[in-house]
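From just these sequences and the hints, can you work out the full model?
Protein chains: 2
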Amino acid sequence: MMKMHTVRFLPHEMEISVSDGETIIRAALEIGVHVNASCGGEGVCGKCRVIVEDGTVEGGISEMLSQEDQDKGYRLACQAAIKGDLIVRIPVESAIDPSVLKMQAAPRRTAHITEMNFEELKEKGLFVAPVEKKYLKLPEPTTQDNLPDITRLISYLKLKHDEHRLEVDLSVIRKISSVLRQDDFNVTATLVRPVRDVGKTRIINVEPGNATRRSYAIAMDIGTTTIYGQVIDLLSGEVLAEHGEFNGQISYGEDVISRIVYAEKPGGLERLHAVVISTINDVLRKIVRHSKVNPDGISTITLAGNTTMTQLMLKVNPRFIRRSPYVPAATLYPPIKAIDLGMELGDHVTALVYPAVSSYVGGDIVAGVMGSGIYRSDELTLYLDVGTNAEIVIGNKDWLACAACSAGPAFEGGGLKFGMRAAKGAIEDFSLDPVTLDPMLITIGNVRPKGICGSGLITMVATMFDMGIIDNLGKFDRDLDTPRIREDNGVCEYVLAWKDESQIDRDVVLTEIDIENLIRAKGAIYSGCMTLLTEVGMSVQDIEHIVLAGGFGSYVDLEKAMIIGLLPEMDPTKVTFIGNGSLLGARMSSLTNRIRKDVVEVTKKMTNFELSDTPSYMDNYIAALFLPHTDMDQFPKLKARLQARKNQQPQK
Amino acid sequence: MMKMHTVRFLPHEMEISVSDGETIIRAALEIGVHVNASCGGEGVCGKCRVIVEDGTVEGGISEMLSQEDQDKGYRLACQAAIKGDLIVRIPVESAIDPSVLKMQAAPRRTAHITEMNFEELKEKGLFVAPVEKKYLKLPEPTTQDNLPDITRLISYLKLKHDEHRLEVDLSVIRKISSVLRQDDFNVTATLVRPVRDVGKTRIINVEPGNATRRSYAIAMDIGTTTIYGQVIDLLSGEVLAEHGEFNGQISYGEDVISRIVYAEKPGGLERLHAVVISTINDVLRKIVRHSKVNPDGISTITLAGNTTMTQLMLKVNPRFIRRSPYVPAATLYPPIKAIDLGMELGDHVTALVYPAVSSYVGGDIVAGVMGSGIYRSDELTLYLDVGTNAEIVIGNKDWLACAACSAGPAFEGGGLKFGMRAAKGAIEDFSLDPVTLDPMLITIGNVRPKGICGSGLITMVATMFDMGIIDNLGKFDRDLDTPRIREDNGVCEYVLAWKDESQIDRDVVLTEIDIENLIRAKGAIYSGCMTLLTEVGMSVQDIEHIVLAGGFGSYVDLEKAMIIGLLPEMDPTKVTFIGNGSLLGARMSSLTNRIRKDVVEVTKKMTNFELSDTPSYMDNYIAALFLPHTDMDQFPKLKARLQARKNQQPQK
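Protein chains in written order, with my numbering: chain A, 55 to 706; chain B, 55 to 706.
Same chains, same names: a pair is fine if it fits in one copy or spans any two.
Capping the alpha-carbon separation at 27 Å, the derived lysine-lysine pairs in BS3-like fashion look like this: (1) K229 to K391; (2) K212 to K254; (3) K254 to K651; (4) K651 to K212.
Hint data in this document are derived by calculation from the structure and do not stem from the laboratory.
Remember, it's a predicted structure, so these values are computed and weren't measured experimentally.
Here is the structure:
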């Protein structure tokens, strides 16, 4: 258990419980207490001065603090690590109305993580081992009993383990004779169970001696950007190793469309296939080495990816995915020998590929639906996987509707004046002094700011909107008296960090065009959800649960996302985060055949809507191009708060 | 229909119906009329003088015949082609007792050929097409109907052809999108039916337009010596092309044992696998070219071979086949992609490999059992495939017993002083003048004799035994007054052709050691049959039908084979010849799934006896080391004839 401490902020009278070693500035940000900070947490601007009135901190002393100040308990909040319960006072230089303090942003709320539980799976009867190993001591052949080696194995599997309807792979026939004679006819057979009851059990491997403890599977997410793999222990359900690598196909285009364009060139498909297999093999080598498992004990590999990534991996031309009416070659794929795809795995290993729903709702989303269990849920659930494309699934155990929409790159920091991926120097968190309008910037890696990543953008826009700095069209209040809001070439912008505070020797700014991009992106997603709900005759209020998948879900501040109208307004405790849904679903399929049995029915149940062909989509989209939305009644809590603020607002 | 003529031989008063153009000497031999001939039919010895008393012949005039003789109707029998009904007189130089004429050999009787009949198969309800092609005109996708290409195909196969439970190969997914768009969504799908009813129908190929007329299969016999292949039209059942090539593995050893020895060397298995696949590909290229079929229309390849050949083809080490207790790796093999074995066929083609019973009763024999239909027969049948190894199956629709025995190479002309394969110059037929003991030799290709092939050997030994030249131990009657019987280095021999009549500038002889070899070979086979019968509590008299397979069956003179005790004595009309049983079974499996469905049950039903471990075998073998057998009661007709002859025998 991590050691926790309580930090009380004054004069706000707000308390938060944080982990040992956390900085004061992050604790402040998390609960919504503003502390000026413009260097991203590097400790060079000296603006984040706080007074530790009681308790123990480590660090935070700087030459920017006089000895007198230090003696009074002043520390730099970004450098001071919390080592015990604290009372911290924020020195408010100007006399500030306490009601203004209360108007500051709501505390940060991220979604809680749902972890699949292997034991729970077993309890719920969902566990049907897809692979089992059986150990046998076979009698040696004699002239009176000279059964073929395979027949001997099968006979004794029947006799000793009550196994019936067995079939054998050629690779097993090739090795059986020598394997049996390596350890006096003591042998372990690997059995793969049929997904449907009428199927046969396949013997895919034989190993000398008792190898029943070595039973592993690989789960893999084939992302457009990154390929993640896991080694799973089939006996305990544990993940023994996990690793991600950039998909080598990135050199051939960042998004699926540019990959498809490349695949249409002569030799392009073969090239992209080879490249993705090469990355898969890199990941395989690393996770196998790291997990220290005997590779011969790996029996299956389950892969999930979007429709284009899946087709490229299978060397199926994705040409028609990008052409109206967006027809994929197939959405269900047969089991394939991993070595036939070029994967560096034993010749007994079968690759299982997650089925898709359509050209833009792929196996990664289906995997997420299976892994998150929403297809078994009573609650009406919104499943959301946000990246450059956003995929939306709404439904429960009775029905599922899905759609994909192009959100544009704003959530990944693309298309912004100072946009960047979530890397070192990206402003990932933000707060604003409601009086001075000075910012509090926290960057990834606590270095001077370099640009803005997706999570930072959402937080900034939400904070500014919440505080009335920008209006519901995303325009800055030009009447505000601050040098930070200015116009450059006719575009209004807010200066996040001045040139000398930044890493890049330029002012880092947020422009109205950036905000427009975000509004369009969130509008596309929200209207996608709305359209699905409209088409099935339901409304936002009917949603009982939100599941977030993908990197997005791990960093997004739920309150902020609801303020800008990206997510429907709902109790944050009803939002869960499953991480990489694609990988989760692949892992679940490795552990139980129930998922593989259910998945075909689920894909049939998932009604796909081509948003561009759904008339209500455009209306919903236009209505969503506001903060948070044209129809404020969809955001009743925010509406009430904004109303309350308006009434409270100190006159300027 | 071939034109037939009747030839009447005088003074024998024997008549035979022969094909137009046949030579008189072969007609004489067939009915058992002796004509002296020592040049093998080349027309140079001038001994085969006959008088054509009536009718038309072509040729037969030689400078060895005086003008006067020619005018009298003398012709050389080996050069005279029969062109109409004839009366032919054999000039008997010495006054010969007519009863002696009657003692000459029985007319030659070969087995009649059973041809599989496709229509009969259909009538008997045995026809379950394993592959079917379906033509569809699919609607083009629209925004309202953008099913995946595969789903579209499957939906319309259900809708238009009532096809259910379909599954799809990856190779079809890879090509479907482009194939559909080559001919406006007109497409032909190739469906492979499940062997068992519970299985799924697999879509293995798609072709643009209507390709339903192009539906072919390959049948192949993987022999130790020769690999035969056929292209079969699946709509008509016709064989469109057939070709055989020597198995390239011959360079690595003539028999299965030497191949196994080679396979045990490092890299040996891989080498032998590559070599046999190379020969298979040679045969494939030739039959595909010769049949002029579109290779894309070939859907399956069915292969049958002995257990060692099958394992080598599948790259399964045959190491333990040659070691007691003779355990093969497997006897049932899964379907395999032909390209995975290295075969030059479409990536949609599945290779089906005939199952075996044991190490020495292989898929070739099982194929023969299936192809000949003995597993469905009411009659107790003896199935015999004779080569270097002889495989024996006895049984009917209720039970089947089988065994293999090593006959040695005598039947293939091996191990004899002047033994040779059945090639040009081999004495293949033989008769003996009962008075002068001069031979009548017919060679393959009608050239001067060079050696003795298997069929010639059987005929010689049978004829000599029948005429009392050799006794029931195979020893020459040393009292006979002829220079042809002599001793050389203590071994008694009979001169078939003198040095100046032969091709090899040496006397061509048959030795007592050669005869011993033959007796051991036939003894091994006959005692194999006896042992199987003994083990199941039956006797030779219970056999109702004999099926001969392999090259042996095509040339062996049934009467002669019964005289030497190779085959049990039975009405020759009850003996049928199926040719290459392995190829026949492979063809049958290509045409109907019934065979593939039945074959697993049949192999389970085939009880294998390891003769070397069956105590009665050695007793039976020793009893069979006589002509025809120690127990003459097993050959009642021969016994009666020999008895009658003894009574008639003119005193010497």
